[in-house]
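Those sequence lines, one after another, are chains A and B. Sequential numbering from 1 applies to the first sequence in full-length UniProt numbering. Sequential numbering from 1 applies to the second sequence in full-length UniProt numbering.
Rather than coming from a laboratory, the hints here were simulated on the basis of the structure. Please note: incorrect hints may appear among the correct ones.
Claimed, not checked - Computed far set for chain A versus chain B, every beta-carbon distance over 10 Å:
| id | residue |
| --- | --- |
| 1 | ILE31 |
| 2 | TRP40 |
| 3 | GLU67 |
| 4 | ILE144 |
To be verified - Lysine-lysine pairs mimicking BS3-like chemistry, simulated, CA-CA at most 27 Å apart:
| id | chain 1 | residue 1 | chain 2 | residue 2 |
| --- | --- | --- | --- | --- |
| 5 | A | LYS126 | A | LYS69 |
| 6 | B | LYS74 | A | LYS2 |
| 7 | B | LYS74 | A | LYS47 |
| 8 | A | LYS9 | A | LYS47 |
| 9 | A | LYS73 | B | LYS57 |
| 10 | A | LYS44 | B | LYS64 |
| 11 | A | LYS73 | A | LYS2 |
Where is the CB? At the ideal position from N, CA and C, for every residue including glycine.
Listed below, chain by chain, are the residues.
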Amino acid sequence: MKLSPESRKFIEDLRLYLFSTGKSDNEIEDIVAELEDHLWEAEKRGKSIIDIIGNSPKEYMEQFANEMKFDIKQWTGYGAMMILGVFAFVLMGDVINRDTDYSWFELIGYPLLTVCFLLLFMKVMKFLAGVRKKSVGWIVLLLISAIQIGGFVLLIWLDNRYGETVIHFNSTGNIVLFCLSALIFIGGSIWSKSLVLIVIPIFLYLPEYVLMFTPLKEDLQMVISHLISLLGILIYLFFVNRKENRFE
Amino acid sequence: MESSQILKGILEGCLLAIISKGETYGYEMIEKLGKYGFIMVREGSIYPLLLRMRKEKLVEVKTKPVPSGGPQRKYYYITNKGLEELEKFKEIWMDISTSVNMLLDQETKGEIEK
Numbered sequence: 001m002k003l004s005p006e007s008r009k010f011i012e013d014l015r016l017y018l019f020s021t022g023k024s025d026n027e028i029e030d031i032v033a034e035l036e037d038h039l040w041e042a043e044k045r046g047k048s049i050i051d052i053i054g055n056s057p058k059e060y061m062e063q064f065a066n067e068m069k070f071d072i073k074q075w076t077g078y079g080a081m082m083i084l085g086v087f088a089f090v091l092m093g094d095v096i097n098r099d100t101d102y103s104w105f106e107l108i109g110y111p112l113l114t115v116c117f118l119l120l121f122m123k124v125m126k127f128l129a130g131v132r133k134k135s136v137g138w139i140v141l142l143l144i145s146a147i148q149i150g151g152f153v154l155l156i157w158l159d160n161r162y163g164e165t166v167i168h169f170n171s172t173g174n175i176v177l178f179c180l181s182a183l184i185f186i187g188g189s190i191w192s193k194s195l196v197l198i199v200i201p202i203f204l205y206l207p208e209y210v211l212m213f214t215p216l217k218e219d220l221q222m223v224i225s226h227l228i229s230l231l232g233i234l235i236y237l238f239f240v241n242r243k244e245n246r247f248e
Numbered sequence: 001m002e003s004s005q006i007l008k009g010i011l012e013g014c015l016l017a018i019i020s021k022g023e024t025y026g027y028e029m030i031e032k033l034g035k036y037g038f039i040m041v042r043e044g045s046i047y048p049l050l051l052r053m054r055k056e057k058l059v060e061v062k063t064k065p066v067p068s069g070g071p072q073r074k075y076y077y078i079t080n081k082g083l084e085e086l087e088k089f090k091e092i093w094m095d096i097s098t099s100v101n102m103l104l105d106q107e108t109k110g111e112i113e114k
């Protein structure tokens, strides 16, 4: 079964729109499957997507959204998973750099920023589902990423300047933290049924850790480990993307 | 917006009537509506309505493979609550249509008398 590119684009936009307005995944897939069936029958008979949904895809998507409830349970799960994920990344990086002292700024700041960005992303995804120009989408995503990085940089700056350590971990504590992060990554991978949460931490932290044992100068170590991380993750994402496209 | 709200209500009643005649699916409903001259109805607009009718338990859904093979298809069935709702719709529609027809009829006659 192969739908026209316009129909497939609409289906993807609808999925994104409903997802970002907090609807249940099962319900979304249910609706999408039914619409795909209809579009398939209609396109066989030479009708176009405009004959079916009208001139305003956004208005049509809203009609669905109005009939569906916000799935609190699902989104609490996503929120919790995001916070845990950010924690795991921060903790594992800190353990490797032997920097496991935490201030109130970090303890409150990281979860708060994560929730804020999750909400912001939902709003942005909803907006993007109604945007037809790809370039606008990219600019908005870049802008959001910049704000996100800015937020974390600000937090780190505040912490360095004003943060007083309230929690300190010794070496046993560090091992516990490391195992905890690893468990979160493994749990997250099982939950999301993908290897992303295993592969990215490995590329991100393993080069840094291994290079520490080499006689190379510290700044050279940093440059090399960052390069390996970046290239490794990009190559991995490229392959994942290609595999997904092949399945369509 | 007003007129589309009225149309939605009418369309909901008509969908109930179609589903009450036996199992059917989205595309088939559109074809049946088309046969009765409902060409002003945008094909996609039945799905948000069907979703609401499902939530209100007026209809039920079963997913089955398409007879000709291929992907699964969603079939709709009317519930008892749906049948009650259909009866209500029929009554309201009879009242409205009789009144509207009478009124329009009289107006035309009035025009002639002038």
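Quick rundown of the hints versus the structure:
{"no.": "1", "hint": "ILE31", "verdict": "violated (7 Å)"}
{"no.": "2", "hint": "TRP40", "verdict": "violated (8 Å)"}
{"no.": "3", "hint": "GLU67", "verdict": "violated (5 Å)"}
{"no.": "4", "hint": "ILE144", "verdict": "holds (30 Å)"}
{"no.": "5", "hint": "A:LYS126 to A:LYS69", "verdict": "holds (15 Å)"}
{"no.": "6", "hint": "B:LYS74 to A:LYS2", "verdict": "holds (19 Å)"}
{"no.": "7", "hint": "B:LYS74 to A:LYS47", "verdict": "holds (21 Å)"}
{"no.": "8", "hint": "A:LYS9 to A:LYS47", "verdict": "holds (16 Å)"}
{"no.": "9", "hint": "A:LYS73 to B:LYS57", "verdict": "holds (23 Å)"}
{"no.": "10", "hint": "A:LYS44 to B:LYS64", "verdict": "holds (21 Å)"}
{"no.": "11", "hint": "A:LYS73 to A:LYS2", "verdict": "violated (34 Å)"}
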